[in-house]
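S.K.: One-letter residues, chain by chain:
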Amino acid sequence: MKLKIDGIICEGREGETLMEVAKRHGIHIPSLCYRKGFEGLARCRLCLVEVKEGSRRRIVSSCVYPIKENIEVTVTTDEIQRMRKNIIMLLLLKAPNNSYINKLAEEYKVAAPERYMNPLDDENCILCGLCVKACEKMGTNAISFVNRGIYKKVSTPYDDASKDCIGCGACAEVCPTNAILVEDNEGKRKIWNREFNMVKCSLCGSYFATEEAYKLMQEKLNDNEEPICNECRKKIAADKLKESFANIY
Amino acid sequence: MSKGIIISPDKCTGCRTCELACSFMKHDNFNPKDAAISVLAFDEVGLQVPMTCLQCDDPHCVAVCPVNALEKDENTGVVNHDREKCIGCKMCVSACPFGNMTYSSRLKQVIKCDECGGDPQCVKLCPSGAIVYKELDSSMERRRNIASCFKEAFGEVIR
Chain R
1 MKLKIDGIIC EGREGETLME VAKRHGIHIP SLCYRKGFEG LARCRLCLVE VKEGSRRRIV
61 SSCVYPIKEN IEVTVTTDEI QRMRKNIIML LLLKAPNNSY INKLAEEYKV AAPERYMNPL
121 DDENCILCGL CVKACEKMGT NAISFVNRGI YKKVSTPYDD ASKDCIGCGA CAEVCPTNAI
181 LVEDNEGKRK IWNREFNMVK CSLCGSYFAT EEAYKLMQEK LNDNEEPICN ECRKKIAADK
241 LKESFANIY
Chain X
250 MSKGIIISPD KCTGCRTCEL ACSFMKHDNF NPKDAAISVL AFDEVGLQVP MTCLQCDDPH
310 CVAVCPVNAL EKDENTGVVN HDREKCIGCK MCVSACPFGN MTYSSRLKQV IKCDECGGDP
370 QCVKLCPSGA IVYKELDSSM ERRRNIASCF KEAFGEVIR
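Each protein sequence line maps, in turn, to chains R and X. Once you know that position 208 of the first sequence is 208 in my numbering, the rest is easy, because the numbers rise by one and skip nothing. Plus 249 on top of the position in the second sequence (first one is 1) and you've got my numbering.
Hints are computed from structural coordinates only; laboratory data are not their basis. Hints are not guaranteed to be accurate.
Cross-link-like lysine-lysine pairs, in silico, DSBU-like; alpha carbons within 30 Å at most [unchecked claim]:
#1 R:153 with R:188
#2 R:137 with X:357
#3 X:357 with R:103
#4 R:215 with X:334
#5 R:133 with X:334
#6 R:220 with R:133
#7 R:188 with X:282
#8 X:357 with R:190
#9 R:94 with R:137
#10 X:282 with R:215
#11 X:282 with R:36
Put together the whole structure using the sequences plus the hints.
M.R.: Below you can see the structure in the form of structure tokens.
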């Protein structure tokens, strides 16, 4: 299937989204909630593009728009730029003190109207849902969106410590605004209102993963060995290699 | 046939140029912690052992990855890590039997050797030839290259 993005002729397969095709051809479309390997979420809406199909023009979210034959796509027009600025302004009101959103606002030269700004607001989450998706991919499904409207947020059921959570921290890693707090402290990890015990390396005694995450890894590999951290494993492997060479002399 | 990085600890002088080359090539800085290769020193026998990903035949990291960010390329034999797909769960870091995967919280990414897509910079800059990049043509040769008892010690997981 052939289509044009910003004048560049791109090749795509049926069922692919505009974002996927653009990424593959090295065309940048701004976005916060798109991640390769994930289905498009269409939450941040920064990936708006203009699609021209015959004589019809429309504005679509490129991360969920399935490509069609012979469409002409423009990533940035004046109208889209105005829309993106509006979206960023709203994001800025949602997370006024977040450094990532502020950087984005600076880049797009956006300032939010002061009368709606709460300088003490410490909200960082923009409700993009990447963390929920990452948790789903892990197979844990510990977090999801809860409540509606202005009370909407990402949390565990009833904000309780979830028994499904394994404390891997993937949610915090994928977060575009660094909104999820992971506290590691002397063998304990605190995340999503739950405290996890960390696994201690049986050789050096350093803590390297939560017990639950380590157990999941062992289940996947059918492995029942004593926990050893990656540094110590490397040392053991190097030691074996050393032995084989030391014996030569 | 596929090529691979072959380690000869007897030739390594411990200069750690490989670590710096890797870090600079991949992350534009000179921080050995960001390198996918590291040299371990065994002073009592006077040996230095460079350790890097062995691109296993049956990689544990690939088996545990929940999002298929790690994939074994059948043509080159390299286990590739797709940074964009990775969600940072660090399963692979604890799964690697040789500890050759590390996670940098500063860079927010997994650090893994990809043989620089067929042109490993560490090999290019190694002054003593302790790491070389060459054809691994037969299983016999592989066995000789990666010391034989190393193979026995770890079983079939090694390429």
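S.K.: Would you mind marking each hint as holding or not holding in the structure?
M.R.: Here is what the structure says about each hint:
no., hint, verdict
1, R:153 with R:188, "holds, 25 Å"
2, R:137 with X:357, "holds, 19 Å"
3, X:357 with R:103, "holds, 19 Å"
4, R:215 with X:334, "holds, 23 Å"
5, R:133 with X:334, "holds, 12 Å"
6, R:220 with R:133, "holds, 21 Å"
7, R:188 with X:282, "holds, 24 Å"
8, X:357 with R:190, "holds, 19 Å"
9, R:94 with R:137, "holds, 27 Å"
10, X:282 with R:215, "holds, 27 Å"
11, X:282 with R:36, "holds, 27 Å"
Comparing the model with each numbered hint stated earlier shows that all of them hold.
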